[in-house]
Each structure stands twice: as structure tokens, then as C-alpha cells.
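S.K.: Residue numbers (my numbering), protein chains in the order written: chain A, 1 to 516; chain B, 517 to 1372; chain C, 1373 to 1491.
Watch out, some of these pointers could steer you wrong.
Said to hold, decoys possible - Simulated pairs of lysine-lysine, PhoX-like, Cα-Cα distance not exceeding 25 Å:
id: 1; chain 1: A; residue 1: K477; chain 2: B; residue 2: K1181
id: 2; chain 1: B; residue 1: K757; chain 2: B; residue 2: K551
id: 3; chain 1: A; residue 1: K456; chain 2: B; residue 2: K1224
id: 4; chain 1: A; residue 1: K290; chain 2: B; residue 2: K1315
id: 5; chain 1: B; residue 1: K1000; chain 2: B; residue 2: K955
id: 6; chain 1: B; residue 1: K1224; chain 2: A; residue 2: K290
id: 7; chain 1: B; residue 1: K943; chain 2: B; residue 2: K1181
id: 8; chain 1: A; residue 1: K290; chain 2: B; residue 2: K630
id: 9; chain 1: B; residue 1: K1345; chain 2: A; residue 2: K203
id: 10; chain 1: A; residue 1: K203; chain 2: B; residue 2: K1315
Just so you know, these hints were derived from the structure itself, not from any lab.
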Amino acid sequence: MNLFFALSPFLTLALGALLLMVAEAAAAGNGRGEKVRPGLALGAALTCFASCAAAAGVWFYGVERIEGLDVLQPWLIIDRFTLFFAGLLALGGGLASLLAGGYLPEHQIERGEFYALLLFSTLGALILAAAGDVLTLFLGLETMSLGVYALTAFRRASPRSAEAALKYFLLGSFAAALLLFGFALLYGATGHTDLAGLGQAVKTIASGALSGQAAGPTTLGAAAGPLVLFGFILVLAGLVFKVSAVPFHMWTPDAYEGAPTPATSFMAVAVKAGAFAVLLRVLLVCFGDKQSTSWANGWPAVIAWIAVLTMTVANLVAGRQESAKRMLAYSSIAHAGYLLVGVVATSRDGTAGTSGILFYLLGYTVATIGAFGGLILAGHRGAEAVSFEDLAGLGRRHPAAALPFALFLLSLAGVPPTAGFFGKWFILKAAMEGGFSVLTVVAFLNSVLGAYYYLKVLVYLYMREPGAGAPIATPMKSGYVNVALAVSAFFVVLIGLDPSRSLSVATRAAASLFGG
Amino acid sequence: MNAFYSLFSAEEFSPLAIVLGMPLLGAFVNGVWGKRLGKEAVKTMALSAMAISFFAALFTFAALNHHVDSSAVEKVVEGHKVVEHEHVKLSWLAWEWMRASGAGGLSAIPIQAKFSVDALSGIMMLVITGIGFLIHLYASNYMETDKGYWRFFAYLNLFVFSMLILVLGDNLPLLFVGWEGVGLCSYLLIGFWYDKLPNAAAGKKAFIANRVGDFGLICAMFLIAHYCGALDWTGIEAGAKSLLSPDMVHVWPFGNAHYDGVFGFLQPKVPLMMTGATAVCACLLLGATGKSAQMPLYVWLPDAMAGPTPVSALIHAATMVTAGIYLICRLNFVFVLAPGVMAVIAGVGAFTALFAATIALVQNDLKKVLAYSTVSQLGFMFLGVGSGSFTAGFFHVLTHAFFKACLFLAAGSVIHAMHARVHDDEKSQDMRMMGGLKKYMPLTYGTFGAATLAIIGFPLTSGFFSKDEILFRSFSNSYQWVDKARAESLKMWMPPAYLGKIYYVMGVLAATLTAFYMCRAFFLTFYGDFKGWKIGKPVAAEGHDEDDHDDHGDDHHHDDLTIPGAAPHESPRPMTIPLIILAALAVFGGLLNPGLAKSLFHLESIPLEHWLEPVFATSMAKGIHEVEHNLSMELMCTAGAFSAFAIGSGLAYWTYIVNNGAPAKQWAAAAPGLHKMLMAKWMVDELYDATAISMVDGLADTFVGADKIVVDGILAQVTSFLAAAFGTAFRAVQNGMVHVYAAAMVVGVAGFSWFFAMPHAEGMIVDKGNGDFIVAAAPGFGYEYKFDDAQKFGATSEKPVHLDLPAADKSDKAKATAPVTKNVVLTVKNVFGIQDTKTFVLVRTPAKDKQMIGQN
Amino acid sequence: MFATYGPMFLLLTVAALIALLFYTGATVLGPKNPTPDKMKPYECGSESSGGNHLKLSVKFYLTAILFVVFDIEAVFIYPWAVHFKTLGWTGLISMFSFLAVVIVALVYCVKKGALEWEK
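Isolated chain A, as found in the complex:
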């Protein structure tokens, strides 16, 4: 029973997804599809929130008190880090399905599979965050990715959607192949597939203790070094592809733009959070040794360069976009850059850096879902709001639709006292205290650069009127979207007003990664 309790966030999602899938199919088979469909979004959202609640339940019960979790070793690790991500991902999934509940019927592309796919993807992300072994890691990654590929292609009638999905699929497969090959090399060098064992072996190899020896974890001896390094390079490439960091980001704008907006929001939120969870775990558990985390020769230097590139390129390009949706896609890349700054900081003070990332992800999740939700709300059937022009004057005409949108953009820009401000604050603080002052300054300058294009949306919302003859956007009406926006707004404000509570949760989650 303990096991079921500990796995309840996963089981809830899995069961919910299966049920929804069959229920819709059965209803459609009996010709009652139309009747069931409006309830599907609610079902999916409830499943996600139930999973979120289950994670919270295990968290508050105290995962340390649950016995018998050894059975899962090393496949799944249920600790506070996992539970934090379980809650976060389920929240993201739930909010995205609420958005879908409003968006899909409005644009007449609602089919039941969307929700099942979304739930399976969320489940995959959860497994990814919990993975303690390379095999489960890959399983989770593919479960998540396959669902998302399909979600991207969900607007079947749109060639753009299909193209985006195909690109995403091809490049995703490429990245997955890199990842798999990397793990194969690591396995070859160390004889381990579990992350903890891998970490032990890498530690021995990295310290150079095997130089000149003919034996080691495997019979390779000193020659294991190059293998591990190449394995690491490939694994790193595979993982930063998923967080969409430059130069592995190029699929992102196309895929985000082509996908239906709720799927985009899910990709920006859950896929990214899941990827960061696994990136942190792999880097800190497998490559947390002194040599690999060296500021001059280890991954912090590489990640720092990627972070700088990611932030700068994404922010510069985002400022030049015509389409708000594409701008948000680049914005999500830029946020990956800020988060990578936090990853660099973990090499000095693991708990501070990780808790900063977790906190950031929390604020980022709700604000991003909210921003995409605002974009969804601003359009209606046949006239989806995409470009900045579409948003002109919305603040005057429909203040209720524009106000939350503005709030989320301010949070993404990092204006106090929203959640986004404190996310940046904690990450930059961790980086500064870790001694990465140049990186901190670059990140800070970039967030200034980023404020430009978020404020540009606000300018369109509140200070522009639509040009003569231009189509005037009328917001759609949907209870689902409204609820999603209200929940997101609540969290954005709550986290901004009371950051210390969320931070203490994030810190506990982060500490569990380091055996705390």
C-alpha cells in the first residue's frame, strides 16, 4: 500500500489518462461524442489536479516516513525533489488542459485524444523527473516527447502545424539518439545504468586515479576517460535540446508557433520543467564530482556559455518578432537561459542554486500558462490573436481580458512584486554568491533587454488603437480559460507577495537531491 501511496501522483495520471481515452472512444463509438467532449477538459484538469494533490499529500505526510520504497530503486526515485516536480508538472498539465477546454471547441478542432495525449505527456514528464536510471529516464523522455509531437500536429488541417510537428519529431529523434548513444558510451565505460552508480564510477574516473591502470569499473582502465567524456557530451546535447537552449533551440519557434496554443503552453511549461528536472539530476548526481564541476574545465563553463548565448540570442530575436505567439516562444527560450544560469550556480552551492531554479520554474509555469491563456482569450473563432496588432487597444475595450494578461507579462519580465521578480532574484543571488559575477551581470542585462518586448505588448494592449480597417479582436468567452487565468493569477500574486514560503518548499525539495 505504501508503494501505491508513494506512486499515487503517477498512478492517478495514468489511470485518468486511460479512462479518458476509453470514455471518449466509447462515447464516440455510440455516437454520443458531442455530449461527452465538453467534460473531457474538466476530466483531464481534475486528473492533473488530483495528481498534484496526491503529490502534496505525500509531501506533507513525509516521503521519508514511507517504507518499502527500495523496491523502486534504482528505477524511480521518490523524494521531495520528485514530488515538487510532480506537483509542478501536474499543475502545468492541468492548467494547459483547462486552456484547451476553451481553445479547442472555439477553434473547432476538439477531439478527445488531445486530453489523453496531454495526460500521457505529463505522466512522461513525471517519470522523467523521478527517473533514477537511464532506462526509465529514456522511457519518460519518450513518453513525454511522443505525446507532444502528436499535440503539435493536432491542427491536422493546417500545413504549418504538420510541418512544425515533423520538424520537431525529426530533431527530437536526433536528440534522443544522441542521448541514447551518450548513455550507451557511459554504460560501456562504467558498467552502470543507474544514475547513482554512474556517479560513483564517474567520480573514480574523473579523479584520474585510474591513470596507468589496466582495471577500473570495467576492464577499460584509463581508457574509460575519453568514453565517459564523449558520453557526457552527447547526453548534455540531448538534454539541452529538450530545454531548448541555443544552439539546440531552433525547433522551438517553429514548433511553438505551429502547435495549437494550449499545446504550446504545455510545451513551454511541462516539457521544459521536466527537462530541467532531469538535467539537474544527471548533472548533480552523475557529474557532481569535483572535476566535472570545475569552473574552468567542467560543465559549469559550458553551461555558462550556453546560458549567455541562449539569453542573448533569444532576447534579441524576441524583440524583433511580429507575432506575439512567436515572441512568447523566444521568451521561453530566454527563460531557459536564466534557468541555466541557476544550473551553473548549482556547481557551487547545490541547494541554493537548485532551490532558485525550482522557485523560478514555479513562477515561470503559472506566468507562462497565463500569458498563453491571455493570448487565447484575446482571439475567437476564425480570428485567433497572433500578432501584436491583434492586441491593440484590448485594454480599453476588454479590461477583464487584458488585465491578467498584463500581470503575467509583468511577471515574465520580472517586475516586483510578482513571482517572476523573485525567481530572477533567487537565481541571480545564487549565481552572485557562487562567484559568477560576470554571468550574473549578463543575465541581469538580458532581463532588462527582455523587459522591452514584454512592455511592447503592454503598449499595444493599453496605448494603441487598432489601425483603420484592421480586424478588431473580440475576446472569446470560456469558463475554462477564465478559471485557468484566475488560478495562474492567484499564484503569480501569491508567490510574489509571500515568496519565503514557496522558497522554503523549493529549498526542501532541492535539499533532498543532496541527501538532505
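Please arrange chains B and C on chain A, whose structure you already have, making use of the hints.
M.R.: Positioned in the frame of chain A, the structure of chains B and C alone reads:
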């Protein structure tokens, strides 16, 4: 009952949540759904929110009283029995917001959303919720026909919430949140009728003037965090002594550059230094002058009268504008450390009181008279707190809240009656159109009269006691610091002792003018003949009820004042009840703190002073030095205050009742220049236009010019070229081709590979002092290390080095001070067998026995 | 390093060289005598019909992929059956959960009409 109060401990006093939460709830409900709810619901929500908040505040106050009583200790001092109280505080920690890092190695400063109520804030809380409720009640009728009814109440509730945050906040950042919140609400309410241009401009003016003040407050906050290492009241009080530390604030010149040219005087050899206390208090003073409309930032308040009259009563008379005085009282323990600033505060107050009173003499707009009178009365409060008598200053805050709220509401009642016919905002407020209203509006007349008596200092009314106390204190205070030796050692500026006399004379003059202009306003409005329009049906004076408002609607186009109209009539009950309550408070409120009675009848204590004693006691003992005074001196001061009242009101009676205003015209004709200046409000607005604003404009013009040439002409060209180049380059890559995307990934992997395949010989030098160094190579994956002379690579990544100084040769100083250097060569080899080398230079400079570290 | 990986690189090089050799050898040495019949696509000796971009119905692929999906389960069931006794109840429960999921998928396919050729 006692058990009831003990339900909540002093540390966890959650009823404060109700006091604060109800107005917020009201603002939220009315702000979000107000438009759909309809007037009745909006009114119910707003009024019940205020009423519940008021009752919770009453309960809080009673509980506070209970806690104070239980802390009372009887002592015998100099043969008298004295009851001493602790400084009791009920607090409620909502949550901890964040921790800011304190400078100078201080531990992290927690910034908490924590609210507390003590003797001082308790009274403010009662005033805000109590008078707030009365004004809400009044406004529920006054604003009846306004289409922005819901918006008005949402703002008004939000204002009360912000004001409560300001007062109840337990730390400076929270006070600042409230400070900004009330500023915002004030801005919104001044510009409430934003479709009229002057109103919007007035709102902006208030916002900008306040922003200047806020700048001071923010600076003060940083300085306090720096010096005291805390931002909550208790912490600031505990750390206040470090404000006098020798670590002074370097004010001028910026930096340490010295320059002896024509403008050498701008770079004095001896820099201008201030103690931390002086700097903090000067900044706080700037903040307080902005919010409390003192010289030179008072200009926004008269314009703020563009807002609806209940707003003027609540925000711009009773509560918000007194926030500056509250701030000074709150941080009294900081202010007493800066006697110079205290003297400046008193000076600013005295001057403002006099200055604003002169302008009020000639105003014809009823609300403008009251506005300048508010500025003037706020000056009195500044004079009070600046004289070190925080109780006297604060007592005036209280009495002023009563009588000025009453005056504004009564004026609103008059305007309401006038507006029912005139429909012109200016004309309905013009006293020249009024007169004789006594007959038509007896209740308004009575209450306005009572409040007028209070403000002009009619003996035994509230204004009499509070103003008398302030004048007496300003006279008797020496403005010197108790600890003269300490002041000497800190080179603290000591104001001259005769300042008190000057301030007293200015105060009495201002009081005389006050009596004159208030009586003038009263007589012009209520006595003589009605001049607004011809009265058609005298019957309309009675039998007024709700139907009148329907007439109101019909009357809308009868603005031709030559056609006879109905007589102005008394306002309905929701408007008159608050008037009566406030008038009663204005008359009898003085009993709370009759300072004169204390001296005359040798009372042991008077309520307010006794109540506030724990708040001010320690700082009073430490900081304020009063000259010896006795009863005769006090009576003399009182005589001055009384004669101010007698002369001022007598002169007004003679001018406006006996001679029906003729002397006023003669005086204006006799000194046309002065009259013109007064009418033009001393041309301060024009002065600001000519100096600060035109300077900013000029600067802006310059920048616009520079902008056109430099930015548009050169920078924009360059950046747009760069951006275009960047965009083109990027678009060439982001072209939608999958294989290009994949190629980018391959480039990324290649970059990774290159980084990891190439070894990087990096490292740092750790200086352990005394010539001991450690060269520590940055570790790398599978690296092996070799230091200069070693034959083989090894796993050891650190090398200790000792640098010896040359043998002691005291005769050759040059040799003894020459730096000793040594090179250490590091070679690393990575798993691919590739090597990299770097040389570290260790330097030991014996002269300073300081080791400099360099690399090449 | 080369001691360990040398043979592998050698193998790769030899393989690449041989492939190159055959290709260039065939191109350079082989006689070229193209006739129209020779240029036609080769379809097992029968006459070619239609263009070479023949469109197949998506149903073929659907059926094929369903076959693969449900065929793969045998890969899991077979080893389980071999080790049935040692795996015991845990194995049984795991396998039945797995089968339950597969059945749900099957039900879904049936209900969606994926197995009907004509609709």
C-alpha cells in the same frame, strides 16, 4: 471582559486582520463587480466594510488598553505616585515577505508583512476607521447621482486600506507600501472626474509632488537599513544609537576629487559631512513635506480640491496629509538625534502656517480657503513635532481631523445645496455667490460654526487646547540637545536658542490670520443676504426629502441665475449626522488633552499625554532640552494665543458683519500690489514653472535635439543596421530547413567536444600571508598536473610555495622594499593526452607587507 | 588510447575503403550501354504500371502499425512465461497490469474504428 481581551495574545493579535481586511474586501468587491451590483449593494458593501473595520478597531483599542493597564507599574517619583506604563504593542505577523541583505556585514534583515498597534497607531487607526466611516456615510448620499458611484467607493475603501497599512505597518517598507498606496488612491480620487482636464492635471501634480517626497523616504529607508541594521520600529529604536556613529554621511562633494579652479568653491577642501541621524532625518523630512503638503512641496494640496468633497475631507484633511506628522512621531527616537533637523521641521512648519494663512485671506472659493487652511494647520503640527513636543503635534493631528473633516463636510453640504441649482463647479463653491445660508441650512450652519470656533481657537474648544499647547512648546523649547558634550564631539550644528521666540511669533501671527480668514469664510457663507440667485419659492426650505433629487434632475438647464429658483435647502440625514458627530468632537475633543488645565489645576496626568507617554518617553528624556518654564510663562503664551483669536475674529466681525465687507475692499485698494500677490498665491506655481519645470523642459528640449541628431541620426542608423544584419544572419539560419537546424545542433556538439577535448590550464593563487602561497590548479575531468620542475604528471593539483624576503639589510631600504617575485609553471594533461601550460607570477611586496597577485 | 580503439578505427577505415572501392570500381570499369528499356524502373520482371509515386491508403500503414504495436507485447510475454515461477505473484500482477493497459488500447482502437477497413 478581561478574559475576552486575553483571547488574543499581544504577539498574535489577529483581529488586526479584520481591521485591515474589510476595507480591502470592500474595495475588491466594489472594484470588480461594482458596476453590476447597483448602487444599493455598493453602498451596503462599502459602509458595512467600514463599520466592521471600525468595530474591530474599537475592540483592538480596548484590548490595547487592557494590555496597557495590566502592564502598569506604580512608582513613587519625588514623592508623587506615578503610574508607569510599558510601551505595549499588539502585533500580528501575516507572513515574512523576504530577507534583504544588510550592508556592512549585518545579518539578513527580514522584511515582514507584520502589523502592530500601539498607543500612537491605535489612535490613528480609530481616526481612520471612525472618521472614515462617517465620511463614507456622508458620501453615500453626496455622490448619489454620480455615475462612477461604484468606482468612487472602491477607491475610497482602497484608500482606507492603504492608510491602515501605513499606520499599522510594523516596519518602514510596509509603511512605504501604504504611503504609495494612499498616494495612488489620492491621485485616482483627485482625478475622479478625469474627463475634466484641470482635474486630471491636479491629480498629476499631486503625484509628482509626492514623488519628490517619496524619493526622500526611500533614501531614508536605505540609510536606516545601513546604519541600524533593521527596518522594523523596535529594531530601528534599538539600533538608533549607531546613527550617531563616527561613520558619517559624505554629502558633498561627490567623490574625493580636488580641483582648484574657478569653480573651486564647489569642491570644498573640507567635505560636508553629516551624522547618519541628520541625513536620515533630512530625507524623512523631505518625504514628510511631500505627503503633508509643507513648504516647498505644498502646491499640490490646493489643487487637490478638484476631487469630490468627501475625498477632500477624508484624504486631504483628516488622514493622508497627516501621514508625514505620523511618520515623524513614529520615528521620534531617530529625530531627537538630529536637533538641527528638528529646528528645520519647526521652521518649515511655522513658515508654512503663516504663508498659507496669508493666501487663505483672499480666496473666494470656499474649498480653497479650507485647503490653504489645511496647509496652514499642518504647518502648526510640524511646528509642534519640530519643537520636540510630539504629543502636542499629534494632538493637533487629532483635533484637526475632527474640525477640518467637519468643515469640509459642511462645505460639501453647502456646495451640494448650491449645486442643486447652479450646476457649475466654480460658481457653486464661490463664497461671493453665497450668504445668508444660515436661514436655509441651520444644521450645516451650526456645525460649520462649531468647527470654525474650534479652528480659530475659541477658548475650551479642541483647537484652542491643541494650538495653545503647540505655541507654548515652540516658545519654551531651546532646540538644543541635552548631551552637549556629545553634540560637540560630533560637530553637530546647534540651532540658536532664540529660534523658539521667532517661531512663537510666527505661530501667533498665523493663528491671528486663521481666525480672520475662517471667520470671513463663515460670515460670507452664512450671514448677510443670499446672492446666488433670486429665491422664488421660500417654502422649499422645509419639507426636503428624497424627492428633491428628482427635482434636481429637472432643474438641469436652469442655469440662468436671473430666473428665480428654489431656496437652497438643508442636506438629508446621512449627510447631517456625520456633521453633528464631528462638530461635537471638534468642540469637546480638547478635553482629551487640556494642557493648560494640567498646569492650572496641577492635574497629575491628562488622558492623551498619559496614553502616549510610553511612545515618546525615552526619546523625550534623551533628546529634548526645554528651557526652564513656569506657569506664568505658559499663561503668557496662552494670552498670546487668545489674543490671536480675539483680534482675528474681532477684525473679521467688524469687517464683514458690521461694515459688510467694505474695509476689505479698501485694504485691497490701498495695497494693490500685495493684494495681487495674495490673489496670485505669491506666484509660487509660476515660480516653479519658471524654474524647476522650465529647467526640466529646457533639459528635455536639449535632449530632444540631441536625440534627433545623435540618436535618430547616428545611433538609430547604426543599431538598425546592426539589428538588420543580425536579423538577416539569423534568418538565414532560422530558415525552416530541418537539416540546417540539425546542423546547428551538430555545431553545438562540436563546440562541446572542442571544449572538453582541449585542456585548460587555469588556476588561482591563494595568498596565505607571510609569503606562503598555494597555486591551485582548477580541476578537470581526468586531468593530471605538473608543476614547473616536476618530472612526471601527478594527481596533485595544488602546490605550496614560500617566498623568502631577502636577508634583512636595514641599511639598504630600496632593497628591503623591492618586491620578490617567482614564476610557477603549471602544465595539465587531459584524458586525450593533450597538454596546456600557464605561468603564474607570485609577488610579495615587503614594503607594505602586502602581497600582490598577478598573472601572465 | 589508440591501443584500445585502434582496431575499431582500422575496421571503420577498411570498411569505408572497400565500399568506396566497389562503387568507384563499378562506375569506372563497368561498360555503359543505356537503352530505353534498361532505364525503366525494375519491377520484378513484370511490366511497370503507373508512376513511381504511387499513393497508398493510410489504412495500410495504420494496420501495419497496429500489428507492430500488438505484436510487440509478445516480446514481453514470452520471457515472463519462461520465468513464470521465479517471478511469482509480482510478475503475474505486473504482467496483468501490462495486459490491462494493452487491452484498453485495443478497446480504444476498436471503438475508434481503426480495425474496420471500410467505413
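S.K.: If a hint holds in the structure, say so; if it does not, say that too.
M.R.: Now for the hints, and whether the structure bears them out:
Restraint check: the Cα-Cα separation between K477 of chain A and K1181 of chain B comes to about 67 Å, which exceeds 25 Å; the hinted pair is violated. Straight-line distance between C-alpha atoms of K757 of chain B and K551 of chain B comes to about 53 Å, which puts the hinted pair past the 25 Å bound. Note on K456 of chain A and K1224 of chain B: the hinted pairing holds, with a Cα-Cα distance of about 22 Å set against a maximum of 25 Å. The suggested pairing of K290 of chain A with K1315 of chain B holds, with an alpha-carbon distance near 18 Å, which does not exceed 25 Å.
For the proposed pair K1000 of chain B and K955 of chain B, the alpha carbon gap of about 61 Å is over 25 Å, so the pair is violated. Note on K1224 of chain B and K290 of chain A: the hinted pairing is violated, with a Cα-Cα distance of about 55 Å set against a maximum of 25 Å. Distance restraint check for K943 of chain B and K1181 of chain B: the Cα-Cα separation of roughly 21 Å lies within the 25 Å cut-off, and the hinted pair is therefore satisfied. With a C-alpha separation of about 44 Å, the suggested pairing of K290 of chain A with K630 of chain B is violated against the 25 Å cut-off.
Taking the CA atoms of K1345 of chain B and K203 of chain A, the gap is near 18 Å; set against the 25 Å cutoff, the hint holds. Between the alpha carbons of K203 of chain A and K1315 of chain B the distance comes to roughly 22 Å, so the proposed pair stays at or under 25 Å and holds.
In summary, the structure is inconsistent with hints 1, 2, 5, 6 and 8 from the numbered list given earlier, while agreeing with the others.
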